[in-house]
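Enquirer: First to last, the sequence lines map onto chains A and B. Counted the way my numbering counts, the first sequence spans residues 1114 to 1275. Counted the way my numbering counts, the second sequence spans residues 2 to 211.
Please keep in mind that the hints were generated in silico from the structure rather than gathered at the bench. A hint or two may mislead.
Claimed, not checked - Under the rule of at most 27 Å between Cα atoms (straight-line distance), these lysine-lysine pairs were calculated in the DSS-like manner:
1. B:Lys177 with B:Lys82
2. B:Lys158 with B:Lys191
3. B:Lys191 with B:Lys78
4. B:Lys210 with A:Lys1232
5. B:Lys174 with B:Lys63
6. A:Lys1203 with B:Lys78
7. A:Lys1218 with B:Lys82
8. A:Lys1218 with B:Lys174
9. B:Lys63 with A:Lys1203
10. A:Lys1232 with A:Lys1208
11. A:Lys1264 with B:Lys210
12. B:Lys210 with A:Lys1218
13. B:Lys177 with A:Lys1232
14. B:Lys122 with A:Lys1232
15. B:Lys177 with B:Lys93
16. B:Lys122 with A:Lys1218
17. B:Lys78 with B:Lys122
18. B:Lys93 with A:Lys1232
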Amino acid sequence: MAAVKGAESPQAPARSSGRLELRPATVGEILGAVRGAGSKAVLVNVWASWCAPCRQEFPDLVRLYRDYRGRGLELVLVSTDFEDQLADAKAFLTKNGVDFPTYFKVGDDMEFINTLSPKWTGALPATFIYDGEGRLRYFQEGMGTYEEFEKRVLDVLSSKAG
Amino acid sequence: MKCRGVVFMCSLLTFALAPALSTAQEDAPASLALGATAPMASEQMKGVDGKDVSIASAAGKKGTLVIFSCNGCPWVKAWEKRMVEIGNSYSKRGVGVVAINANDPERSPADGFAEMQQRAKQRGIRYPYVMDATSEVARAFGATRTPEAFLFDAEGKLVYHGTIDDNAHEPNKVTKRYLREALDAMLAGKEVPAAETKALGCGIKFRPKA
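Chain A with its partners taken away, still in its complex shape (with noise of 0.2 Å):
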């Protein structure tokens, strides 16, 4: 496991923005949000619209990502919706009450996925848990809990590392 690689233009989500976005972009850009975040842990979330556990857990996350930014937490959310359906997502982010920006995946998914991590086999959801030096720490497929999420962002929060 390394650091995360193929960033092609490091950029933070601009949390201080107060208002929902939807960019697109490419699997190097989404790592360049991880590493450019300059937290203590980054959750990155792969969801859709129209998924049933990713909108299940969806509240979770962000309820998660209030708890504990004030400790150092960066949650980056990646909506895998089509183009045609990005109204929808956004509709959705909004409801959730996002209002920072977020991204839609564009590019191969192959590449999107083994760049992520060769173990995740493609379905939704998938959340990737990052420590402050963009080491991937946790990797889950399918849909997780709060209490899931906060122990394993603890754990990366709490560690040397983190």
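Got chain A sorted already, so can you dock chain B onto it with the hints?
Expert: Just chain B, lined up with the frame of chain A:
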């Protein structure tokens, strides 16, 4: 960590200090490995025509294609026309084809049996479309998403596992027709060029374990 002048040692140290990656995946076991035979091949599954079908009974003389599919997934919908074309055409060339829906209709209401029958009729599916009524066949394959294809050769060995092609949403931009290339290679007695591929897909809505 400063590593000037001692890059190799520093790399070793970094690796040694790297925290472990932990993972959690839904209840499916590891996916079937290339060369493996189809698990639960004699399991009877109800087809949309009302007849029971097993993977063994659907097997073709030249190979067998098993696709985990469903009704409601947008990725299946995006690929469906191409999947049906592949299934209908290669089933005439000695390849047994079976599409399996392992989704729990309790979790995915679009995936009931009546809906499967309707979809098969609408799409002109001319190969068995069956319900994995316990989701155990999908679990045994280590299938995780829809659509997900497993191709077995004439000897019953897995020679391809993965997706349909490299662009679900824009068929005119497909550059790699993975499944067709695997089928053609298998039928020609050649090695499959890309034997394991991936694409994003809907997670299978497994029924609870018995």
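Enquirer: Next step is simple, just say for each hint if it's right about the structure.
Expert: Checked hints:
| no. | hint | in the structure |
| --- | --- | --- |
| 1 | B:Lys177 with B:Lys82 | holds, 17 Å |
| 2 | B:Lys158 with B:Lys191 | holds, 14 Å |
| 3 | B:Lys191 with B:Lys78 | violated, 31 Å |
| 4 | B:Lys210 with A:Lys1232 | holds, 23 Å |
| 5 | B:Lys174 with B:Lys63 | violated, 30 Å |
| 6 | A:Lys1203 with B:Lys78 | holds, 22 Å |
| 7 | A:Lys1218 with B:Lys82 | holds, 24 Å |
| 8 | A:Lys1218 with B:Lys174 | holds, 17 Å |
| 9 | B:Lys63 with A:Lys1203 | violated, 48 Å |
| 10 | A:Lys1232 with A:Lys1208 | violated, 32 Å |
| 11 | A:Lys1264 with B:Lys210 | holds, 26 Å |
| 12 | B:Lys210 with A:Lys1218 | violated, 33 Å |
| 13 | B:Lys177 with A:Lys1232 | holds, 22 Å |
| 14 | B:Lys122 with A:Lys1232 | violated, 37 Å |
| 15 | B:Lys177 with B:Lys93 | holds, 23 Å |
| 16 | B:Lys122 with A:Lys1218 | violated, 34 Å |
| 17 | B:Lys78 with B:Lys122 | holds, 15 Å |
| 18 | B:Lys93 with A:Lys1232 | violated, 36 Å |
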